[in-house]
Amino acid sequence: MPVVEVVNVAKSYASKLAVSELSFTVDPGEIFGMIGPNGAGKTTMIRMMMDIIQPDAGQVTILGQKPSEATKARLGYLPEERGLYRKLTVIDTLTYLASLKGMDVRSIHARADVLLEQTGMLAHKKKRIEELSKGMAQVIQLIVTILHDPELVVLDEPFTGLDPVNTERVKQVLIDLHDQGKAVILSTHQMNQVEAVCDRILMVNDGRAVLYGALEDVRSEHRGHAVLVKSDAEVPHVPGVAERRVHKDYTELVLDASATPQQVLEELVKTGIPIDRFEVATPSLNEIFLQVVGGNHE
Amino acid sequence: MNRTALIVRHEFLTTVKKKGFIILTLAVPMLVLLGIGIFQLASNIATPAADVVRIGYVDHIGGFNPLYEQGAVQLIHQDSEDAATQALTQREIDEYFVIPADYVATGVVSRYTLEKELAPPPAISAAIEGFLDSNLLASQVPPELIGRVLSGTGIITTTLTTQGDVSEEQGGFGNFILPALFGALLAIALNVSANYVLQSLGEEKENRLMEILLSSVSPKQLLTGKLLGRGAAGLLQVVVWVISMPLLLRLASSTIGGLLSTIELPLGLLLLGVIYFILGYLLFAVVSLALAAICSTVREAQGIAPLFTLAAVAPFWFVSLLMFFPDSPVWVVFSIVPFSAPVLMMLRLGLSDVPTWQLVVSMAVLLLSVLGGLWASAKLLRIYLLMYGKRPRLRELVRALRAS
Numbered sequence: 063m064p065v066v067e068v069v070n071v072a073k074s075y076a077s078k079l080a081v082s083e084l085s086f087t088v089d090p091g092e093i094f095g096m097i098g099p100n101g102a103g104k105t106t107m108i109r110m111m112m113d114i115i116q117p118d119a120g121q122v123t124i125l126g127q128k129p130s131e132a133t134k135a136r137l138g139y140l141p142e143e144r145g146l147y148r149k150l151t152v153i154d155t156l157t158y159l160a161s162l163k164g165m166d167v168r169s170i171h172a173r174a175d176v177l178l179e180q181t182g183m184l185a186h187k188k189k190r191i192e193e194l195s196k197g198m199a200q201v202i203q204l205i206v207t208i209l210h211d212p213e214l215v216v217l218d219e220p221f222t223g224l225d226p227v228n229t230e231r232v233k234q235v236l237i238d239l240h241d242q243g244k245a246v247i248l249s250t251h252q253m254n255q256v257e258a259v260c261d262r263i264l265m266v267n268d269g270r271a272v273l274y275g276a277l278e279d280v281r282s283e284h285r286g287h288a289v290l291v292k293s294d295a296e297v298p299h300v301p302g303v304a305e306r307r308v309h310k311d312y313t314e315l316v317l318d319a320s321a322t323p324q325q326v327l328e329e330l331v332k333t334g335i336p337i338d339r340f341e342v343a344t345p346s347l348n349e350i351f352l353q354v355v356g357g358n359h360e
Numbered sequence: 141m142n143r144t145a146l147i148v149r150h151e152f153l154t155t156v157k158k159k160g161f162i163i164l165t166l167a168v169p170m171l172v173l174l175g176i177g178i179f180q181l182a183s184n185i186a187t188p189a190a191d192v193v194r195i196g197y198v199d200h201i202g203g204f205n206p207l208y209e210q211g212a213v214q215l216i217h218q219d220s221e222d223a224a225t226q227a228l229t230q231r232e233i234d235e236y237f238v239i240p241a242d243y244v245a246t247g248v249v250s251r252y253t254l255e256k257e258l259a260p261p262p263a264i265s266a267a268i269e270g271f272l273d274s275n276l277l278a279s280q281v282p283p284e285l286i287g288r289v290l291s292g293t294g295i296i297t298t299t300l301t302t303q304g305d306v307s308e309e310q311g312g313f314g315n316f317i318l319p320a321l322f323g324a325l326l327a328i329a330l331n332v333s334a335n336y337v338l339q340s341l342g343e344e345k346e347n348r349l350m351e352i353l354l355s356s357v358s359p360k361q362l363l364t365g366k367l368l369g370r371g372a373a374g375l376l377q378v379v380v381w382v383i384s385m386p387l388l389l390r391l392a393s394s395t396i397g398g399l400l401s402t403i404e405l406p407l408g409l410l411l412l413g414v415i416y417f418i419l420g421y422l423l424f425a426v427v428s429l430a431l432a433a434i435c436s437t438v439r440e441a442q443g444i445a446p447l448f449t450l451a452a453v454a455p456f457w458f459v460s461l462l463m464f465f466p467d468s469p470v471w472v473v474f475s476i477v478p479f480s481a482p483v484l485m486m487l488r489l490g491l492s493d494v495p496t497w498q499l500v501v502s503m504a505v506l507l508l509s510v511l512g513g514l515w516a517s518a519k520l521l522r523i524y525l526l527m528y529g530k531r532p533r534l535r536e537l538v539r540a541l542r543a544s
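First to last, the sequence lines map onto chains A and B.
The numbering used here numbers the first residue of the first sequence as 63 and each following residue consecutively.
The numbering used here numbers the first residue of the second sequence as 141 and each following residue consecutively.
Next up, chain B with everything else stripped away, as it sits in the complex (with noise of 0.2 Å):
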């Protein structure tokens, strides 16, 4: 076995037999079953079991049909308030509501309940406005129109290719949520690789093994085995991740699967996600190496790394403003910074077309940003490396690299 290979094969074992390495990994699926559990929990807490409600209504038009029933709701004829006041006391009703002489032309009805509420149900609400309108309009229109009318309007989008054909990508809050769901698993994955290159080779600095092991392998081959043996390992958590999410979900699709049906997954959406974790991950682990080699200890470097790590997770904070406004050149701008890139280009993809000069410039840049955060790391390595003691400033860090 070369000597690459060996490094990789013993970062990668180092850090999978890790407590908080198995820890994290088994985590991540641990709290979204903890979330589907506490989702059901309590949605099961706020939907008690479907009694009858029965409301009564009191009738000053005339005419109103109380045979009209709408799932559990029951609607009973009330003769006065004052009877319908006497039924609910005596809970022979639920509530009532009083239908003015005058209600088509204000289009007000007064409701009258024992329950303190914010505002009417939902379920109340639709139903006294069905009950309302398949009365008005009972005489007027046929009834398959009345259905019309009351269940509303579906709207359905197709979106279609410049050649007229119906395009692969539909849009849509399915077709986001995986984009999403990759940026987040993107982020984290991000930062947690980055944060194992760091300890790899800070632990390495703080054990004084740095020496001995230069003295047996070139810094490149120590370079490159960490990038790819605590990469491998990072992938390895992510695979693990990605796999669970499916079986999690199918576990948790009687309560928010329906969702689920609407995902789809273009190829070249998945191929863009697995290039962009590629350069994300070599960017911010090739950052972490340079910290790690001008800082004495882990710690020291691990408080400087958000400065970097922060930007990845950056996107999530301005969801939001990204889902009103997909086309401001401000994402433009940000998909080219390499720090906000990788997850931010995600989450674009999943709501917007991406220009291809964008994907393009904003590749081509992070790629540049590896090849010379690699140059740049390989030299503070030979210089810092088997420096202990003050962190060089920044101003010596540039003649550092200049001089060299």
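So here's chain A without its partners, still in its complex pose (with noise of 0.2 Å):
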């Protein structure tokens, strides 16, 4: 039974069209990157998940349910725009936003004392969120978010405006859950970070979904017809090979259309030059994207 089951959803604001008819499936214990740039739907359809807006059409079901207030206390969600009680201590901030959730005093401590030595937090326990900086407040928000041991964690945008410790610290926590084999949506515009920890990707554009599937079969979709080659010696013109171009430390042979690497690699052996890196050029999902939605984007 799949986690999240979104078929033909649709939801418009006044005149603004901001989910069409998307349709996909989160699975147990996977990560699934929904990526997409600002504006394109992502958290609409986050919240539509959470219960928190109701779609125009289409159903959405979580866990095996319609959303509800029931399927609330399984899922932790960390919104874009997120924030905490600034004159509430640590400790009481965690334990009035976990016993919304259905947690009962005695366990939330337990486990907040756990997931606050984890983080190197617990000598903050006591201290009030305004005088946390704000990196340390977003590590809160994290534990505010898995505190309750949800089956399903959402996270919105969670590396905006993190450092790059921080960034590792919270790439840690999505790997750790995923060990325990929680499911994970990790929504985000900067889809360099989606690559390192996703197993399967929706591409939203315009409320649309552009590009849905396991991260390697899209890659191997869009790979495109060429080879980078790393030389000390200038990379010479042979057989196979349409179009050269030359990067700063590397170049790029686009094959022509009855060419395989393999050929053009045997012939690159036969000239003789010195070959530090041979590899068949595989694009980046901004680079995915821009090809997806013919550039219309930066």
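Treat the hints loosely; a few may be bogus.
Stated by the list, open to error - Stretch-level coverage of chain A by chain B, calculated; a stretch enters the list once three of its residues show a Cβ under 8 Å from a Cβ in chain B:
| id | segment |
| --- | --- |
| 1 | 123-135 |
| 2 | 154-162 |
| 3 | 172-179 |
| 4 | 223-230 |
Claimed, not checked - Dumping the calculated DSS-like pairs for lysine-lysine here, alpha-carbon to alpha-carbon at most 27 Å:
| id | chain 1 | residue 1 | chain 2 | residue 2 |
| --- | --- | --- | --- | --- |
| 5 | A | Lys-188 | B | Lys-158 |
| 6 | A | Lys-149 | A | Lys-78 |
| 7 | A | Lys-189 | B | Lys-360 |
| 8 | B | Lys-157 | B | Lys-360 |
| 9 | A | Lys-187 | A | Lys-149 |
| 10 | A | Lys-149 | B | Lys-159 |
Keep in mind that the hints were calculated from the coordinates and are not lab data.
C-beta atoms are modelled at their ideal positions from N, C-alpha and C, and glycine is treated no differently.
Assembling the complex is the task here: the two chains are given apart, and the hints tell you how they should meet.
Written out as structure tokens, the structure reads:
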């Protein structure tokens, strides 16, 4: 049974269409990337899964149920627009917000200690939120999201405003959740962040799905017919190459329709130049996105 | 504990722990205490120690008896104006007056004093009048009749019911004090509690907590929790004030407490007061919620809120008109307008009889406004709660409400 099942969902605000005919599933235990530029409809889709707003059409099923009060307790959500009560202490914040998820105070305190310890925040347990740095507050927000041991964790732009150290810390939390068999939805416009951790992705643009599937499949589908060669010598022209593009520390060879990378490698070896690196060009998600939407976005 | 109860508790505790709340709760009794202190200080300064005032008189009619004495006023016969003036300048007397020969026809006496004053002090006037009247009447009527004429007549009114029984509500100033006090507390409490609700929702919007909360609870649970939690805090404040009042007034009873003994507390009035407090609070809280939902910051919402909350205080501006024309149809209209109804009704109940149909209509309109307001607020919350930025125009709000 999928953790999330979305079928033909649509939502519009006043005259603006936010989400249109969107369908996808999220499987148990996977990290699912929902990517697309700002304003693509990602947050609207998440809010519908969270039962914060209702779809105009289509069905959303979460953990086998229609989104409701009962499902909310089994979900962890880190919204893009997030904050905490500035005057409350860390532990009081965690206690209040986790009790709203149905946890009793004793379990909250026990688990909070574990998570605060893991993230190096135990010393700040009794500090007020306003005394913490912005990065520390974000870590507390992440703890709020996972404290009640949810079955599905939804993170909307979790890397915004984080320094590299905290970015790695958040990624580690993602990997830990994955190891524990939790399903995670990671929504972001920073597509490069997704490549390292996601199993499958949904790429959204203007409220519609433009790409959907396993990250590897998506990549190989959009793999260009080119190879990247790094050499101290100038890479010569060899048979089977239609075009040669010189970049700063490598050369990109676009192949003829009939040529294979293997043939081109053999031809290059024959020329006798030293080859430091030879690889089939794999586009980044950013490049794939630009290919798919036709370069209308940066 | 269910989630609504958790929110109620959280909202209540965060409110009562706020410095502003504690200060305001204590400030009202403190101000009353200060007021009593100033009143006593001022009245002590105004009334100097009771020295005997010696008033001289020159009698051109003859036969006025100097033995007449009233309280601390002593009357001393003077032979002539010159003798009196000399006595005055030598401080043998404090002042004197001349009874002219035609006094019975004119009723005018001339008074001479060293003091510069606006008008004769009431105690002096009363003493002179009493002295003149009792001397004029002394030979004509029996002494007890003189006593009666001099001390005037007291009118005691008893209001009867249409059945001829003595009514429970007897009117009068004593009876107006309580509804007026209730009305004043109501007006303050409505303003304060509405502001707490507005702050609470506004802060969560400002702090970007709204979405985190809504991923755990429904908007309805959140709204109910806030209304009840903040409402309970507001009520606690009112209770502290109400309890402190009798204690403070007892403290002040030596000077201004006389009127207090005439206060009666009819059960009907108390019940109506509670009903109007609850309905009024809900109305203002619901409006505050809607305001907080559509504004991006607390300050912005607080700028608009007085448009509504002023209506609660407005009846006090017209309280003197209300006293002179308690039956004007204008009051009937404003007793039905939900924003002014709670406080205005309290004041009217203290001044005159309010027909039952008006009470029923005003409560029904209030209740319907609360329900309508709750509906509209919930809609606006869903639409605007998660929007940060420009406040929607009135036309956009109407369109949004129609669309849903």
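Here is what the structure says about each hint:
Here the segment 123-135 of chain A counts 3 residues with a CB under 8 Å from a CB of chain B, which clears the bar of 3, and the coverage holds. With 4 residues having a beta carbon nearer than 8 Å to a beta carbon of chain B, the segment 154-162 of chain A meets the requirement of three or more and the stated coverage holds. Counting residues of the segment 172-179 of chain A whose beta-carbon sits less than 8 Å from any beta-carbon of chain B gives 0, not enough to reach three: the coverage restraint is violated. Counting residues of the segment 223-230 of chain A whose CB lies closer than 8 Å to any CB of chain B gives 0, which falls below the minimum of 3, so the coverage claim is violated.
Distance hint between A/Lys-188 and B/Lys-158 is fulfilled; the C-alpha atoms sit about 18 Å from each other, no more than 27 Å. Restraint check for A/Lys-149 and A/Lys-78: not satisfied, since their Cα atoms lie roughly 38 Å apart, outside the 27 Å limit. Taken as a hint, the A/Lys-189 and B/Lys-360 pair is broken in the structure, with Cα atoms around 32 Å apart against an allowance of 27 Å. Straight-line distance between C-alpha atoms of B/Lys-157 and B/Lys-360 comes to about 25 Å, which keeps the hinted pair within the 27 Å bound.
Proximity of A/Lys-187 to A/Lys-149 is assessed by CA-CA distance (about 14 Å); at most 27 Å being required, the pair is judged to hold. Restraint check for A/Lys-149 and B/Lys-159: satisfied, since their Cα atoms lie roughly 12 Å apart, inside the 27 Å limit.
When each numbered hint is compared with the structure, violations occur for hints 3, 4, 6 and 7.
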